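Colleague: These are the residues of each chain, in order.
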Amino acid sequence: MLLDVRDIHKAYKDVEVLKGVSLTLERSETKVIMGPSGTGKSTLLRCINRLTAPSSGEVYLDGTLIEERNINEMRQKIAFVFQDFNLFLHLNALDNVAMGPMRLKGLKRAQARERAMQELRRVGMQDHVESYPAQLSGGQQQRVSIARALAMKPEVILFDEPTSALDPELTGEVVSVMQNLASEGVTMLVVSHEIGFARRAADAIVFMEGGYVVEEGPPADIVSAPREVRTREFLQLIAAEGQVS
Amino acid sequence: MEFLAFAREHLPTILAALPVTLGMWVLAIIIGAGLGLLLATGRLYGGRITYALSTTYIEVFRGTPMLVQMFFIYLGLPEIGIVFDPFTAAVIAIGLNSAAYQAEYFRGAVRSIPQGQMAAARAIGMTRMQALRNVLLPQALRRVIPQWSNEAILELKYTSIAYAIGVSEMTSRAEQIGYKTFHFFEVFLLLAIVYVVLTGVVAQILHVIEQKTSIPGVNR
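Going down the list, the sequences are from chains C and G.
Our numbering puts the first residue of the first sequence at 14, with every later residue one more than the last.
Our numbering puts the first residue of the second sequence at 262, with every later residue one more than the last.
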């Protein structure tokens, strides 16, 4: 097991957002976490790489406990893709991707840029390497941010609603990049409502509600025959919103 | 025409002190920027004590007149055995004073950077200091240039206060010329023109820097 999330609780003051969430991810596996908003999905992802410190519970990557002491080292192995991209605003696409390898992996500038170029090609952004974030569309920015994640050669990539800040016509390019990664065997944990992506690329869907994991299973089962009423209701809701592709 | 003749005769005397004025200015700016960055970092990311120390420093130096600070350093400190020559005392006073203001400009600029920038830097495994150096500061320094230009120009003018502790800079030269010729009107007009030209050049240079370093696609 590559990623082992054990009994994560997270409370903000009196409000408990996560009430004991456990989850595992095998190498090369892709899991999609779904559920109503305010359910703690993003908080869970942020607790895994400790962008938010969990109130209790442990996360192990490849058997190593992730804690404050080793966090910077562990984060290099757990990439994170943000909902709103968060590309470094003062750098062009190439240098955004080269930053990590250069500053953290000790690569020389030329080597780092070479690696960045490879990753940008992988997400289809090789023609925009000189562009700055403000000159790119949301979908393009998100693809660059995925390349930035890949350039760290992480063990696993966490995606926090990678398409929900995008205009509908731009989600496709990001989803197809993610599908390719899944089929290449990149290990991914994805918070997303893209059912089409989940169905085609995920090994399992994890359904969360109210701070708990309600149900988990293969996409075909979850989508066509959810056991839990709440899962069914949620799927009907997002289907009604026309998000099913 | 009379003024031009006056200017031609006395401008060289004033400009002879230009290196002193510019020297004070450049050194004070360097001290101010370096210390200002440290103070800003202390207020932004320091523990309680660092925060308190930085804040106190800033409040004290912003809350007292530059002239008082300069007198304190040049005339006050010797009483406890710390002696500076006038030039050094002036550089220190202007530098320390400017640090308090520059710290607040830096801090404001860093705080104006979207939160996600820090999060993204931390998420690839940078320490807070690495994130500050590689991601936040490069953006904050660009944003701070307009305010920083004002500060640089203020400091250039503040160098004239060093006259009060006997630094032979442009203003003191002008005053001497005034007493020698009794053409106070002309000499201070001339001096004012010199300062306007200097500050204009500085403003222009910083404006060019601002444009050269602007991030493509981002409107200020």
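Keep in mind the hints are simulated off the structure, nothing from the lab.
On a predicted model such as this, the values are computed, not experimentally measured, just so you know.
Using N, Cα and C, we set each Cβ at its ideal position, and we do this for glycine too.
Hints are not guaranteed to be accurate.
Cβ pair distances, simulated, as ranges [unchecked claim]:
| id | chain 1 | residue 1 | chain 2 | residue 2 | range |
| --- | --- | --- | --- | --- | --- |
| 1 | G | L314 | C | S35 | 43 to 51 Å |
| 2 | C | S196 | G | N411 | 54 to 62 Å |
| 3 | C | E182 | G | N411 | 20 to 28 Å |
| 4 | C | Q131 | G | V457 | 52 to 60 Å |
Colleague: Give a verdict on every hint.
Modeller: Status of the hints after comparison with the structure:
no., hint, result
1, G:L314 / C:S35: 43 to 51 Å, "holds, 45 Å"
2, C:S196 / G:N411: 54 to 62 Å, "holds, 56 Å"
3, C:E182 / G:N411: 20 to 28 Å, "violated, 45 Å"
4, C:Q131 / G:V457: 52 to 60 Å, "holds, 55 Å"
Hint 3 alone, counting from the list given before, is not met by this structure.
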